[in-house]
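K.L.:
All letters in the sequence shown, in the order written, are residues 63 to 149 by our numbering.
It is worth saying that the hints were derived from the structure and are not from the lab.
Relax, there's no trap hidden among the hints.
Here are the simulated distance ranges between beta carbons: (1) W131 x L101: 18 to 26 Å; (2) I129 x A107: 26 to 34 Å; (3) C119 x E89: 14 to 22 Å; (4) P106 x L126: 19 to 27 Å; (5) A94 x Q70: 45 to 53 Å; (6) A94 x W115: 13 to 21 Å; (7) P106 x A128: 22 to 30 Å; (8) L126 x L101: 12 to 20 Å.
Keep in mind it's a predicted model, so treat the numbers as computed, not measured.
C-beta: ideal position from N, C-alpha, C; glycine also.
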Amino acid sequence: MSEQSPPQRATRPEVGALTLPMLLIVEWGLAAWAVALALTLLVPALHEPPRAWWPWCCFAGVVLGAIGWLYLRRGRGNAAEARGPDA
63 MSEQSPPQRA TRPEVGALTL PMLLIVEWGL AAWAVALALT LLVPALHEPP RAWWPWCCFA
123 GVVLGAIGWL YLRRGRGNAA EARGPDA
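All chains should be modelled from the sequences, with the hints used to inform the complete structure.
P.N.:
As structure tokens, then:
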């Protein structure tokens, strides 16, 4: 038997990490929760007994979004790398 070399595979370029504007994404999400909170408080049908938990859900979204925003602003974890050296 003759020895055959394995077929050559095409080499793919190395894929780098995907950088996303995380701070901007958190800011848009925080704004969306704030708008939802304002709507649920201004429209009486959205905070009456069957849906009394809706404003609290929006409030929780605003609070957790604010915590995430503060976390990213301080440059913790991967956020410092994503913001770049001049941010």
